[in-house]
Each structure stands twice: as structure tokens, then as C-alpha cells.
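K.L.:
Here are the chains, one letter per residue:
Number of protein chains: 2
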Amino acid sequence: MTQFYSISEIEKLDKIYRANLINSISGLKPANLIGTKSASGQTNLAIFSSVIHLGANPALLGLIVRPAMVPRHSYENMRETGFFTINHVQKDITKKAHYTSAKFDKNISEFDVCGLTAEFQNDFFAPFVKESSIKIGLKLVDEIPIKLNGTILMIGKIEQIYFPKEIITETGNLELNMAESVCASGLETYYMPYKFAEFPYAKIDKLPQF
Amino acid sequence: MTQFYSISEIEKLDKIYRANLINSISGLKPANLIGTKSASGQTNLAIFSSVIHLGANPALLGLIVRPAMVPRHSYENMRETGFFTINHVQKDITKKAHYTSAKFDKNISEFDVCGLTAEFQNDFFAPFVKESSIKIGLKLVDEIPIKLNGTILMIGKIEQIYFPKEIITETGNLELNMAESVCASGLETYYMPYKFAEFPYAKIDKLPQF
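So the protein lines, in turn, are chains A and D.
Using the numbering used here, count along the first sequence one by one with no gaps and you end on 1185.
Using the numbering used here, count along the second sequence one by one with no gaps and you end on 1185.
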């Protein structure tokens, strides 16, 4: 049986129920840890499911932040210093990654309280997560306000990447199942992917039978 | 062994290899079909992996489009008519969904050539995908240019949603594994999720042992 809701019915739903429904209806989301450091040297780590690919050349990724909500330490550090890291959540650190979302004081590092390790390498300003296998160092290059709801699209240019050599294919794709990268749905549920299909670049003169 | 690339090394990589690497490094992406109809009545369907949750109240989703690339029929129809649908790709329609990315002429409907069914319901202007179990009807409410690379963030307000009654939990989360919603990595690889963890809302006074 199909459940149908119109916008007027959605707006009448209980607040938490509606938030969970709308957070899960867009589909599976990548689970990433955002690493930052304040100008005074305080590290910060927070889980985000709003990382998005914007383009390969230049290599740009985006991230939606809600600065009106506490904690907003990641956002403040990104603006103050211009640098951040994106680190994949792997299956074995999912619990630690989830709890970085608790509202810790700014002078507390989520690395310490959640049992993850800040790693500084190749002169990059922001901390990587040592336990993550896929890591990206980015420079903040634009900040686009989304006026409709007060969120902001933060845009980073990729400056450094790290991944296990054995997970890249001959054509440059990363095998995310080998990396055990996880995805999230809503605000509390985590999924592991398994690969079941690969198709070539689609051309109109080479369509398969459906 | 870890592979490290700096930005100068990334820029020297073969173009296709680099595109695949940067398209897969941000993590798993939701696979969705975007349904539109032109003012003259021509339906269009295209697979996108750039849908993003922007907020639950108002219920807003975003979509990154690259209007400089052909085909751009989805983008043109969205602007011309103000409406579009987001339909989850389920495992059993993944192959059909993938081939909607071929460069068909504007007077050809991807519904027809890829073997999917356009469904009109509850007076919504744009076509839903009958074969999808989770479907969202949206009104285009903003269009934000990303000047750094010529892409555009299209913002839709949710007007209608459809999902199977049996996949919603008591708290309003959709069980995406029950819906067999798939995610994508890069441009050619598809993954099925299985749920392995759920955690409560994180509070600093209720941290688990790590």
C-alpha cells in the first residue's frame, strides 16, 4: 500500500516524525567526518551527511552547514582558517563518528572524547582522521548562502587526497566497498554498501535490451 | 599502502582517470531519477546522483545541474514549468535508470526508450516513475549559480511524497533497504545498502564506551 502525503499533510505531522521522514526521503547519503582546527589550535571533528560532488576540474566539493544551530564549531573554524578535511566514515568507526554530533563545548576536541586520532601530514593545516582510509584536504573557496532556510553551501577545492592503493581501479574509480565506507539515512541509521552493478558510459547507439 | 596526491599531481592525471577519482572520492551518493515535462507536453527522465537534503521545515531538497553540458533537457523543463519529481532508483530498475544518461534528442522520452512508465497523479504537473517506490513531487523555488564551475544548485520545495506504508518506522524514518533504494559511486558503479547500525540522538551526558 502506498502512503501519500500532500504538503499540507506533511506540515501537520509531528515535528520529529516530519524531520526524520524528510531527512530520509532524499535517499542514501555519504557519511563523512569534517576535521577543522581553530586559529588558536583547538581541533574539532563532526559528522556530516551533506557532502556533495560539484565538479572534477577544478576539483570541488560542497558541504551544507546550518550555522544557526549549535554546535557550529566546524563552520567557525572553516571561516577563520580557510581549511578543512573530509574523511570517510568506515564501518569500524561508525559509533565513534556518530557521537561526534553531541554538543561538546568548543574547548573540547571530539577527537579525544570519541576516541579518534588527529593526524597532521604534508603541511596541511587541518587535521585528518587517522582511522579513516579515504581522506581529503580542502581549501575553502566560496560560501553561498541559501536564503530560504538560512543554511550555507560551503565550497572546498581539493588540495590533497589519500586512499589505499589497492582500492583504485585501472580507470580511476575508488572501490568504496573495499574501503568499507558507509552511508547514512536520516539522522541515526547507517548502511554498508555492496556493489551489484557496473555499466559502461551510456551511448544512444549502444543501448542494451531492457 | 596509502596513495597520496597533491593538487598539482591531481591536475596532471589523465582526464578520465581524474574525473572518475574525483567523482568517487566524496563517498556514496543517492541514485535518483528526475522526471520533468516540457510546456509542450514532452516528458523527460534523467538519472542524477547530486540530490541533497537542505532542510525539513520548510521541506527543501537541492540538485546540482550542469547546464553547459548536453543533455540539459531536465534543467530546461524545470525552469520552463517550475516542477520536477525525484524518484528513487531501486535495484530492479538500475540498468534502465543508468541508460537514461545517454544523449537522447529532446523529442524522445527516456521513459519510452528505457522501458519505464510515466505516472501522473494528484494533479501534479511533472511525471513520476511508476516503477519507483519512493517518489517526491517538487516545486522549483530557487536557482543558485555556482560561479566557480558554472553549475547551478536548483532548490525544490516538497509538495507531494509517496512511499510504501510498510517501510516507515514509528519515528518517521524510511527503511531504505526495504525499499531496495540504491546508491552510486562515480559515474558507473551501483551499490545496494544493508543496515548494520542505529544509534540514538547523541547527548554529551549519555556517551557510550568507545
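To be clear, the hints were calculated from the coordinates, so they are not data collected in a lab.
Check each hint, because a few of them may be wrong.
If chains are identical, the list can't say which one is meant, so a pair holds when it fits in one copy or spans any two.
[Said to hold, decoys possible] Okay, derived cross-link-like pairs now, DSS-like style, lysine-lysine, Cα gap no bigger than 25 Å in a straight line: (1) K1170 x K1070; (2) K1070 x K987; (3) K1114 x K1181; (4) K990 x K1105; (5) K1178 x K1122; (6) K1081 x K1105; (7) K1132 x K1078; (8) K990 x K1081; (9) K987 x K1066; (10) K1105 x K1070; (11) K1066 x K1105; (12) K1178 x K1070; (13) K1081 x K987; (14) K1170 x K1066; (15) K987 x K1114; (16) K1140 x K1178; (17) K1140 x K1066; (18) K1181 x K987.
On a predicted model such as this, the values are computed, not experimentally measured, just so you know.
K.L.:
State for each hint whether it applies.
P.N.:
Do the hints match the structure? See the list:
{"no.": "1", "hint": "K1170 x K1070", "result": "both (23 Å within a copy, 14 Å between copies)"}
{"no.": "2", "hint": "K1070 x K987", "result": "neither (33 Å within a copy, 38 Å between copies)"}
{"no.": "3", "hint": "K1114 x K1181", "result": "neither (41 Å within a copy, 34 Å between copies)"}
{"no.": "4", "hint": "K990 x K1105", "result": "neither (37 Å within a copy, 29 Å between copies)"}
{"no.": "5", "hint": "K1178 x K1122", "result": "neither (39 Å within a copy, 29 Å between copies)"}
{"no.": "6", "hint": "K1081 x K1105", "result": "within (21 Å within a copy, 49 Å between copies)"}
{"no.": "7", "hint": "K1132 x K1078", "result": "neither (28 Å within a copy, 29 Å between copies)"}
{"no.": "8", "hint": "K990 x K1081", "result": "neither (28 Å within a copy, 42 Å between copies)"}
{"no.": "9", "hint": "K987 x K1066", "result": "neither (36 Å within a copy, 32 Å between copies)"}
{"no.": "10", "hint": "K1105 x K1070", "result": "within (16 Å within a copy, 37 Å between copies)"}
{"no.": "11", "hint": "K1066 x K1105", "result": "within (14 Å within a copy, 34 Å between copies)"}
{"no.": "12", "hint": "K1178 x K1070", "result": "between (42 Å within a copy, 13 Å between copies)"}
{"no.": "13", "hint": "K1081 x K987", "result": "neither (36 Å within a copy, 40 Å between copies)"}
{"no.": "14", "hint": "K1170 x K1066", "result": "both (16 Å within a copy, 11 Å between copies)"}
{"no.": "15", "hint": "K987 x K1114", "result": "between (41 Å within a copy, 19 Å between copies)"}
{"no.": "16", "hint": "K1140 x K1178", "result": "neither (31 Å within a copy, 37 Å between copies)"}
{"no.": "17", "hint": "K1140 x K1066", "result": "within (19 Å within a copy, 29 Å between copies)"}
{"no.": "18", "hint": "K1181 x K987", "result": "neither (48 Å within a copy, 31 Å between copies)"}
Hints 2, 3, 4, 5, 7, 8, 9, 13, 16, 18 from the list above are not met by this structure, while the remaining hints are.
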